[in-house]
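> The lines below spell out each chain.
Number of protein chains: 2
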Amino acid sequence: MRQVEELQKMFLSYLETESFDQPPQELYQPVNYILQLGGKRLRPVLLLMGANLFTQNFKNALPAALAIEIFHNFSLVHDDIMDKAPLRRGQPTVHIRYGQNAGILSGDVMLILTYQYLSKLSNPSQLPQILETFNRLAIEVCEGQQYDMNFETQSSVEISDYLRMIELKTSVLIAGALKIGAIIGGGGEKDATELYEFGRNVGIAFQLQDDILDTFGDPEKFGKKTGGDIVQNKKTFLLLKAMELANESEKKTLNHWINQDNGSESEKINAVTQIYKQLNVQQLATELMERYLLTAFDHLEAVGVEKSRKNILKKLANQLMMREI
Amino acid sequence: MRQVEELQKMFLSYLETESFDQPPQELYQPVNYILQLGGKRLRPVLLLMGANLFTQNFKNALPAALAIEIFHNFSLVHDDIMDKAPLRRGQPTVHIRYGQNAGILSGDVMLILTYQYLSKLSNPSQLPQILETFNRLAIEVCEGQQYDMNFETQSSVEISDYLRMIELKTSVLIAGALKIGAIIGGGGEKDATELYEFGRNVGIAFQLQDDILDTFGDPEKFGKKTGGDIVQNKKTFLLLKAMELANESEKKTLNHWINQDNGSESEKINAVTQIYKQLNVQQLATELMERYLLTAFDHLEAVGVEKSRKNILKKLANQLMMREI
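From first to last, the protein sequence lines stand for chains D and L.
Following my numbering, the numbering of the first sequence begins with 37 at its first residue and continues without gaps.
Following my numbering, the numbering of the second sequence begins with 37 at its first residue and continues without gaps.
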């Protein structure tokens, strides 16, 4: 099995050969821009790993790996318009840099390019199964974004709905990347599904961890200021669980901070974090996160290939959780 | 061969069985709204006709016909956002009725639904060829929209670039609908390509006719006020040809009207139409349009099925040109 860095390099060399330098440049420049902003290239690497589990000869999975990366970036470009986000990976978002229309239309063409790259298969008989997997997850990603936007204006959100939202918005793409890789690599339906479930559960665990780190993480270690979710009143697992467990007085305090528009950010972060600590929500979140991770590893266990071949996926999942990648 | 009305009905019954009533409703309501706004259903009917040319048993082309209609409506929804259009078929556009974010995200999900319906084939081995045809045209439609937006701010546009733009934005979808129908119906590569060329040329002829009618059409007959393109300084074939042929004084007059912001609309329409008449651009446009139509019929002629089976396509093209459908 190839190592993560090796797969990242392999993917980046392929990406380099596939730059979109055709006219009209107003349409394709934003595509190149967002694809070259960097990132961990996690999804394409997972797709390649999925293929590499079943075959040494997995270079023919590179177009599908690029497809998944293009799709991920399509969703970032359109989400950034919808969320009015000014920055992405520390650089101006596409709609800020090139204008909103360019953001919409370049995103559209990226979604079509996704299908063009998914279709580049050395074994075209795999296409129906790959499209079935991909179409479903792509629709789910849109549904996840819709639920996420809905939650912003909803007064209360069930934790089960929140978990479903992060599954749709984040996990199914990670899961689908692994499954599509498995299909291309020649893995059977059962193994492909086990890998999908592994990815789905890791994805949810990862997002829960994200919620925890945003409030309780070490800024030095994670290079990110804490408290952003609290400042923005983001309905994370921590806030939803706290609302569920809070007594009348704690609920009042939480609502006070949520409803006040201008005030000291650090005061708000401290007050809300204090309640989270009283209610032990960090530990509850960690326990849930660990349950998802254990379920993930059970599914990985069930994939019918030699244990040693699967170790890299286990390692990658652990690195992801530790934010070491 | 089935008649147009019969195919429209067949398509509408299928559409009815396929309404998108699932949650989240914020995502799917706009999809149902735009699909139920009506229209001629020209593209799905053409797809069904393409299939029916080669087989009596063409019901299995219905999902692909719906795919093409969903794609067409996806492009309307996103184009309407980019063009800031308030109305579509006399009703509020999706982004006006449901908000811009709903317009973006529902459009995205429609593009994915397009692929989902394209994949519903009774013969999955046709999928690679169908996707190859569709992916190319879908990218071209985006490119056409980009060129169309570019032209708005470009000071001068070549007629050849204009013709290429209307080909991309309008014709390739009509052409591709016919070709995909032919593939599903079991037509060979050569016949499918002849049909594509038939549709491509009819599409360009149709758009040129649109330019002519917008200035010279009979408002009573076409139910549409004339002069809209002139008022908006739209770079149609008529204006571009007039700019090409105009002498200094005519050029000055045209530029005067183009550059004046407020003034009498009817005066502007009269003055520009007068120059069009002096320069005979209506006739030049008509001649060009007829050349495309003749080329279209040559390609239809070359399709290797009985003449009587092709008559309905010829008739439909003529009805389209006469705006009788």
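Read the hints as simulated data drawn from the structure, not as lab findings.
Small disclaimer: the values here were computed from a predicted structure and weren't measured.
Where hints are given, some of them may not hold.
Identical copies carry no separate label here, and so any pair may be met within one copy or between two of them.
[As the list claims (entries may be wrong)] List of simulated lysine-lysine pairs, DSSO-like, C-alpha gap at most 30 Å:
| hint | residue 1 | residue 2 |
| --- | --- | --- |
| 1 | K260 | K76 |
| 2 | K226 | K156 |
| 3 | K95 | K156 |
| 4 | K351 | K288 |
| 5 | K95 | K288 |
| 6 | K156 | K350 |
| 7 | K346 | K313 |
| 8 | K226 | K346 |
| 9 | K270 | K156 |
> Each hint should be assessed against the structure and marked as holding or not.
Now for the hints, and whether the structure bears them out:
In this assembly of identical chains, the alpha carbons of K260 and K76 lie at most 30 Å apart only when taken from the same copy (16 Å versus 54 Å across copies). For a Cα distance limit of 30 Å, the shortest separation of K226 from K156 qualifies both inside one copy, at 24 Å, and across copies, at 23 Å. When the C-alpha separation of K95 and K156 is checked against a cutoff of 30 Å, the pair qualifies both within a copy, at 12 Å, and between copies, at 29 Å. Taking the closest pair of Cα atoms, K351 and K288 never come within 30 Å of each other, the shortest separation being 43 Å inside a single copy and 72 Å across copies.
In this assembly of identical chains, the alpha carbons of K95 and K288 never lie at most 30 Å apart, being 57 Å within a copy and 61 Å across copies at closest. For the homomeric pair K156 and K350, the shortest alpha-carbon distance inside one copy (29 Å) is at most 30 Å, but the shortest distance between copies (36 Å) is not. With identical chains, the CA atoms of K346 and K313 are never at most 30 Å apart, being 37 Å at best within one copy and 76 Å at best between copies. For the identical chains of this complex, K226 and K346 are intra-copy neighbours only, at 16 Å inside a copy versus 48 Å across copies, given an alpha-carbon limit of 30 Å.
In this assembly of identical chains, K270 and K156 lie within 30 Å of each other by CA distance neither inside one copy nor across copies; the values are 40 Å within and 40 Å between.
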